[in-house]
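Asks: Single-letter residue listing:
There are 4 protein chains.
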Amino acid sequence: MANFRSDNESPVAEPIMQALLACNRGSAHAYGDDHWTDQLNQRLQEVFETSLRVLPLSTGTAGNSIALAELCPPWGGVLCHDHAHIHSDECGAPEFYNPGCKLVPVAGEEGKLNVETLAETLSRYGSHGVHEILPSAISLTQSTESGTVYSVAEIEAISALAKSHGLGMHMDGARFGNAVAGLNCHPADITWRAGIDMLTFGASKNGAMAAEAVILFGDDESTQQRWHGLERRRKRAGHLLSKMRYTSTQLLAYVENNLWLELASNANGQAQRFAQAVIDHPQASLAYPVQANEVFLRLPEAQLLAMQSLGQEFHLWPGAKDLARLVFSHNTSDDDTAALIASLLQSSES
Amino acid sequence: MANFRSDNESPVAEPIMQALLACNRGSAHAYGDDHWTDQLNQRLQEVFETSLRVLPLSTGTAGNSIALAELCPPWGGVLCHDHAHIHSDECGAPEFYNPGCKLVPVAGEEGKLNVETLAETLSRYGSHGVHEILPSAISLTQSTESGTVYSVAEIEAISALAKSHGLGMHMDGARFGNAVAGLNCHPADITWRAGIDMLTFGASKNGAMAAEAVILFGDDESTQQRWHGLERRRKRAGHLLSKMRYTSTQLLAYVENNLWLELASNANGQAQRFAQAVIDHPQASLAYPVQANEVFLRLPEAQLLAMQSLGQEFHLWPGAKDLARLVFSHNTSDDDTAALIASLLQSSES
Amino acid sequence: MANFRSDNESPVAEPIMQALLACNRGSAHAYGDDHWTDQLNQRLQEVFETSLRVLPLSTGTAGNSIALAELCPPWGGVLCHDHAHIHSDECGAPEFYNPGCKLVPVAGEEGKLNVETLAETLSRYGSHGVHEILPSAISLTQSTESGTVYSVAEIEAISALAKSHGLGMHMDGARFGNAVAGLNCHPADITWRAGIDMLTFGASKNGAMAAEAVILFGDDESTQQRWHGLERRRKRAGHLLSKMRYTSTQLLAYVENNLWLELASNANGQAQRFAQAVIDHPQASLAYPVQANEVFLRLPEAQLLAMQSLGQEFHLWPGAKDLARLVFSHNTSDDDTAALIASLLQSSES
Amino acid sequence: MANFRSDNESPVAEPIMQALLACNRGSAHAYGDDHWTDQLNQRLQEVFETSLRVLPLSTGTAGNSIALAELCPPWGGVLCHDHAHIHSDECGAPEFYNPGCKLVPVAGEEGKLNVETLAETLSRYGSHGVHEILPSAISLTQSTESGTVYSVAEIEAISALAKSHGLGMHMDGARFGNAVAGLNCHPADITWRAGIDMLTFGASKNGAMAAEAVILFGDDESTQQRWHGLERRRKRAGHLLSKMRYTSTQLLAYVENNLWLELASNANGQAQRFAQAVIDHPQASLAYPVQANEVFLRLPEAQLLAMQSLGQEFHLWPGAKDLARLVFSHNTSDDDTAALIASLLQSSES
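Protein sequences appear in the order of chains A, B, C and D.
Using our numbering, read the first sequence as starting at 1408 and increasing by one per residue.
Using our numbering, read the second sequence as starting at 1408 and increasing by one per residue.
Using our numbering, read the third sequence as starting at 1408 and increasing by one per residue.
Using our numbering, read the fourth sequence as starting at 1408 and increasing by one per residue.
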């Protein structure tokens, strides 16, 4: 009986738990003045092949909100997909962190923003002076809420549009590892090299206990100023952890020896296995291409319920009766997926 | 060579680390819908001998800010000691969480607020209509920033004043365990029985990794409403942890078998040993009575520096050259304290 | 050469200017403790035939934002038309006044919200706990941004939906006078009797200098509490005018002898005259029914530009090349409208 | 029977009312795109002898809050006198406009800040990283809440301190005219020439109806950026008046022919006459030097009450039984002051 409700219901990956144990010796200076945090900065520069600064914290909502508040003035607008987590699942956190700011939801196929609709949306602004908000950033989710992944070219095109309008680029990387594993690319390819200014680098969903980080790319003077802003915003929101070593060590272990990509690859692979079973099934179909670790399954409601009654845990998707989301995790086993597939087959036999 | 800089530089107590390991099996529903969080609610009701609700989170600043935002309207005033952490050490977090709210710092001997100055402060409000802020809550720190502890009677008297003016009562319990251990009282005695509405219950400084909780006492309808507010405020601030079981299990282990009081007793006891050495020392003196796990040491600057050069880590206190703060932790050993005392003696010989 | 750009470009109606002169004698207590403000409260209770409280201020944006902040918690959602002024023309003011709150734009024909789409929108909320915002109010604009007017029955139906979901009802009445004149109804019919809790009662567009008011209907205990909130919110936003008498006297003169309805009737009547000319014109058409003082004119772009080059000032409407908005004011004269009609006819001859 | 409660209870000066009448002809573009506003910018550049930008609005609280929000990051601190209007009389407006910002009250003789205590206050910051707020601006009130006036040298000294610490300089000029008249200086002398970055230029207390302005000195690039911020902050707070011409014309008339200084001189002169009577009186004394239009009168409570029962309206000052504040206005007549003096003399005879 396995859980496909969400990857945030998965346990902590063993190497990360071991790292927590290993760092639990004696005292360490608080608030990030420790060698784990220093090392994390070094390691992530290697992983991303560039100068950057890392702001560890414990949730992705905090990371997204702090990053966006730094990218936008409090009268700014953030263009995001209309299913984006920041818009639909964070209870107004971005607006709370930056009072007066507005999220501007934009539609897009397969959970992705595209240059055309973004350009059309931006064209509606600019003629109404101080009466309208000022579009200031675009936020992409990678991988998306629909389990799809932006290609390098798609991100580059959107970034080019953003830069031409003076907007900043943010990436919500709650499932960033799954995207990198899915694309089999360098982390740099879909971030700073493609025009991303700030990344919310998620680890909790993919094996950490509670560890995320805002990564700020670059090292020029304006980056330095943004860094000061990020640090202050984290502190005054109560997100500066005193015993930071335990967060930094999670993130360190997460990237060490490519653990993160190994974990993500397992999740993605299990999703692919299940996706294939869906494709092969006469009544089932995929609502979106499966490019990371989520499968959106179309199946008559009765059969979805039958699968659940067989012990498979997953969410029926709001707004449609014949749609379910199944999320595969770093610890989903072959047996888990096999049992899930069996339940799919069995559901249609009854 | 030991660290007396702050108890938030101490490691995680072994039973808490073991609890983390133990709960790391399989999946668990996210966001607190798990049996560790349920159990935590049950256990804390036993510990505090009353109905209450628990809002686990990862920092004390978040706990304080969320609690105060719920106790006060956004035009409210929070009376607090002028050295209070919420006023001096949280970079405006309470004001960020409740825009327009003001902290009203009030002086008081030995780090404690007292009824007289609070009453005098309150008497300055009430005649200026909507032009002035509305005093709405009093926040006590227990134990205080000066290492002292409010007695039951002191808290009761302040609560009585608060109630008579329609103010709520908040307690910042970053070192709550040290206060309970110091007073050798029931936790209820210095909280709800003495008129406290909400407690920020700290565990990180006393052996947890990153675990605090807002505890809301009571179960009537207005408590229920406040609870809804607390839950929303936590979420929109990005403080609702997805893998909540790991926070709840820390707090559970913290109170299990009175671990928290055992840990706090060690810290307090070591502080007492050192305090006695200070009292016995011809040039040293205590700036405040030592009632918990902090010692404020008065000693000529040269000798303080000498102690540091002997390898003892502690903070020279801002604003005075001959004052240092030494914080004793759950893991401070007899040897650590003995070495500290030795450095004190040695510093005055040179 | 007349100005049909906006009614907020019109001058002050003579009786209101005379009232300003008349009240400019000697001193008067500040901040609304004056007999003009008292009288205004009395008069508006007569006008609206019920108990109510009046919060005078100088702009409609302030009125809308203060009212909505009082109707909604800071994690609330306000359903409004996707062309609503609060959403499109106030630079995030409602979100600034109530940080974390979100406006939820809802589509609707002819500038009006309708029960079906509102109900559909509401049905999407409620299953996602603290992760989603809490729908808390519906805001109607009366008359609408499209120059149409909600009927009594339409408002009642929307209010019934709102009440059944526990939502408050707000009306943005920037052109409330035009709506009342257009419907030829009692002001009560489209406000409290139809379920409206708070009205932003606009006067500036219809003849005042700078005078609006939030009107809070009712007098029970919860109304009293909301009133305290409104008063505080006005003050801390810097909208409590010291020399309030000059605002109150404008509002008093505005309703005295039905001046407001007389002024609105002129504006509406001129709009009707022009609308008839549009209907009669072979190439022109009305984008929306003309029910108040705004005409949305469809005409080939070249002809719109021709009208402008003939000296008629009006706004081409963003997003469409063949659409213009013409707003008629309290002081629009028969000659003004005749000249406008002439320019329409002339534009198509060239 | 005259009113010495506050100058904001005075009527509108006749030339300003005439200007309102004169500008009430036909239509004018809204939101400041009118020639009165253009002219105001020109005129104030002459009055202040420098490049500047003017942001008209209707209250001083709004002006102060908007200016300070632009001068400080949302984790900034504003040093101000502990009796400053922004701290004591604006219900948390500056904190509402800039959530997380803190006012840092500083004591000072005669209502004035001084370099020594400011420097001492600043010395307490800078060693505590992101845990403390960042001192970002100093706000002076000119003339002060105590009726005194900063000399040019005093302002220059404070500005020098501010600049050396990277802080901005704000002046709350609710009674700026009284200060200029009192010092008989150029407006430039106590503003930009003395290091002031932004001035809240008050007119309502000295003869306008509801007209204030934030004046931003300079024209370099960073000034340009601040200007964009000021404009946005005004709009989203609902302080951008649609019929701006009526505010701008008030301010224009206010400075035309030195009306403002003439009005202020009358107020100041009447205050001086009364102050002399106080000095000459055996039981009365001045709590502060009288340098503008306010007199703080020390007199036994019974006599203060006797003066009131003789029909003189003024405020007993909170916190002391034998202290009253008397404010003289642009329209205070010789007879008014004579009657007030008579009541003083009479009060001590009974």
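Where hints are given, some of them may not hold.
Same chains, same label: a pair holds when it works inside one copy or across any pair of copies.
[To be verified] Dumping the calculated DMTMM-like pairs for lysine to aspartate or glutamate here, alpha-carbon to alpha-carbon at most 25 Å:
{"no.": "1", "residue 1": "K1728", "residue 2": "D1687"}
{"no.": "2", "residue 1": "K1570", "residue 2": "D1445"}
{"no.": "3", "residue 1": "K1728", "residue 2": "E1523"}
{"no.": "4", "residue 1": "K1728", "residue 2": "E1516"}
{"no.": "5", "residue 1": "K1728", "residue 2": "E1708"}
{"no.": "6", "residue 1": "K1728", "residue 2": "E1527"}
{"no.": "7", "residue 1": "K1570", "residue 2": "E1628"}
{"no.": "8", "residue 1": "K1728", "residue 2": "E1663"}
{"no.": "9", "residue 1": "K1570", "residue 2": "E1456"}
{"no.": "10", "residue 1": "K1570", "residue 2": "E1669"}
{"no.": "11", "residue 1": "K1728", "residue 2": "D1596"}
No wet-lab data here; the hints were simulated from the structure.
Asks: All the hints need checking, so say for each whether the structure fits it.
Replies: Each hint, compared with the structure:
no. : hint             : result
1   : K1728 with D1687 : within (21 Å within a copy, 50 Å between copies)
2   : K1570 with D1445 : neither (32 Å within a copy, 34 Å between copies)
3   : K1728 with E1523 : between (31 Å within a copy, 20 Å between copies)
4   : K1728 with E1516 : within (20 Å within a copy, 28 Å between copies)
5   : K1728 with E1708 : within (6 Å within a copy, 47 Å between copies)
6   : K1728 with E1527 : between (32 Å within a copy, 15 Å between copies)
7   : K1570 with E1628 : both (18 Å within a copy, 21 Å between copies)
8   : K1728 with E1663 : neither (42 Å within a copy, 45 Å between copies)
9   : K1570 with E1456 : within (22 Å within a copy, 40 Å between copies)
10  : K1570 with E1669 : neither (34 Å within a copy, 52 Å between copies)
11  : K1728 with D1596 : neither (38 Å within a copy, 41 Å between copies)
Consistency with the previously given hints fails for numbers 2, 8, 10, 11, ordered from lowest to highest.
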